[in-house]
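> Here is what each chain is made of, one letter per residue.
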Amino acid sequence: MSEGTYRPEAAQAALADVEAVGGRVRRHTRGYGVFVLALAAFFPLVLLFCGFAPLSGAVLGAVSGVAGALVGIGSGLAATRIRAFPRRYGPRYLLAFLTSAALYAVVLILGGYLFEDVAAWWIGGAVATALPLTVLGVSVLRSGGARS
Amino acid sequence: MTAARSGGAGAPGGHPRGRLDDVIHAPVRFSVTAALAAVDEAEFKVVRDAVEITDSALSKQVAVLEEAGYVKVRKGFVGKRPRTHLSLTGAGRDAFARHVRALRDIAATGLPGSPP
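Protein chains in written order, with full-length UniProt numbering: chain F, 1 to 148; chain S, 1 to 116.
Watch out, some of these pointers could steer you wrong.
[As the list claims (entries may be wrong)] Pairwise CB distance ranges (calculated):
#1 S:S56 <-> F:V34: 29 to 35 Å
#2 F:V71 <-> S:T84: 23 to 29 Å
#3 S:G18 <-> F:I73: 48 to 54 Å
#4 F:G90 <-> S:A108: 31 to 37 Å
#5 S:V28 <-> F:V106: 31 to 37 Å
#6 F:A120 <-> S:G90: 29 to 35 Å
#7 F:G76 <-> S:T84: 17 to 23 Å
#8 S:G76 <-> F:V106: 33 to 39 Å
#9 S:G90 <-> F:L131: 39 to 45 Å
#10 F:A13 <-> S:S87: 48 to 54 Å
#11 F:V106 <-> S:G90: 20 to 26 Å
#12 F:G90 <-> S:G18: 34 to 40 Å
#13 S:R81 <-> F:V59: 21 to 27 Å
[As the list claims (entries may be wrong)] Chain F side only, calculated, beta carbon under 8 Å to chain S, not exhaustive:
#14 P8
#15 D17
#16 V18
#17 G22
#18 H28
#19 T29
#20 R30
#21 G76
#22 T80
#23 A84
#24 F85
#25 R142
If you are wondering where the hints come from, they were derived from the structure by calculation, not from laboratory data.
Computed from a prediction, not measured in an experiment: that's the story for all the values here.
Using N, Cα and C, we set each Cβ at its ideal position, and we do this for glycine too.
All chains, please: the whole structure from these sequences, using the hints.
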């Protein structure tokens, strides 16, 4: 190693490089943030459709199944196109997705049995369902432009 | 292969240069490691553009880091197009964190009032 590396100025320059290079790579995680936000919007749209459309339980179940398949396909496609994944994206995504999915199921099932004609239930449920993934997506987009 | 590779004794009270990692210390490899430390995984081309080197230069540095157990290379295809993704291993993240701490300690020695 060169003696110059032991100088405080060289160390400071190296640390500045960490910030600069890290920031350039983190910008590429924004695609992931956009994908998560799109997913966050998808859940409530399907829920509102299920809540306000006069459909039978079997049809609603089928709609949910198709929606789930679309999410799976979309996730697979997104994974091939996203160029950089944020730190700990796996556990964070899993937590947000499962929370949204659980809220979706609860709102759908309870709504179907108890609050079928209560608009506030479906609208409030849609908002709640969107929250976990929205928080994750916004967090990723903000850190994509933030310093480490 | 995953043991810390320090340039010196690194004994308590010694100069922080003893805690600098030999593998990461080279400027380009340091930049590559810094790029990967910021994310979980990144495409080869993203790292190349961020570090501003050529494909062959990055490949050489990645090979050294992979040999040291610091970087994992994942190759796949998107349709017919090959894609290579890079990520730091646990050992790589630990080594990078230690290296950065040593750099911060060295940088701190230049602050007014710091011991030489």
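> Hint by hint, say whether it matches the structure.
Tested hints:
1. S:S56 <-> F:V34: 29 to 35 Å: Cβ of S:S56 to Cβ of F:V34: about 32 Å, so the range 29 to 35 Å holds.
2. F:V71 <-> S:T84: 23 to 29 Å: holds, 27 Å
3. S:G18 <-> F:I73: 48 to 54 Å: holds, 53 Å
4. F:G90 <-> S:A108: 31 to 37 Å: Given a distance of about 35 Å, which is inside 31 to 37 Å, the answer is holds.
5. S:V28 <-> F:V106: 31 to 37 Å: violated, 52 Å
6. F:A120 <-> S:G90: 29 to 35 Å: Violated: the Cβ-Cβ distance is about 48 Å, outside 29 to 35 Å.
7. F:G76 <-> S:T84: 17 to 23 Å: Check passed, 19 Å falls within 17 to 23 Å.
8. S:G76 <-> F:V106: 33 to 39 Å: Given about 37 Å between the Cβ atoms, the range holds.
9. S:G90 <-> F:L131: 39 to 45 Å: violated, 32 Å
10. F:A13 <-> S:S87: 48 to 54 Å: violated, 26 Å
11. F:V106 <-> S:G90: 20 to 26 Å: violated, 37 Å
12. F:G90 <-> S:G18: 34 to 40 Å: About 36 Å separates the Cβ atoms of F:G90 and S:G18, which means 34 to 40 Å holds.
13. S:R81 <-> F:V59: 21 to 27 Å: Roughly 40 Å apart at Cβ, these two residues miss the hinted range, so it is violated.
14. P8: holds, 2 Å
15. D17: Where the cut-off is 8 Å and the nearest Cβ of chain S is about 6 Å from F:D17, the hint holds.
16. V18: At 4 Å from the nearest chain S Cβ, F:V18 passes the 8 Å test, so the hint holds.
17. G22: holds, 3 Å
18. H28: holds, 5 Å
19. T29: holds, 6 Å
20. R30: This hint is violated: F:R30 lies away from chain S, its Cβ roughly 12 Å from the closest one there, beyond 8 Å.
21. G76: violated, 11 Å
22. T80: This hint holds: F:T80 lies near chain S, its Cβ roughly 5 Å from the closest one there, short of 8 Å.
23. A84: Hint holds; F:A84 Cβ to chain S Cβ min 4 Å, cut 8 Å.
24. F85: Holds: closest Cβ of chain S sits about 4 Å from F:F85, inside 8 Å.
25. R142: Result: violated, 14 Å to nearest chain S Cβ.
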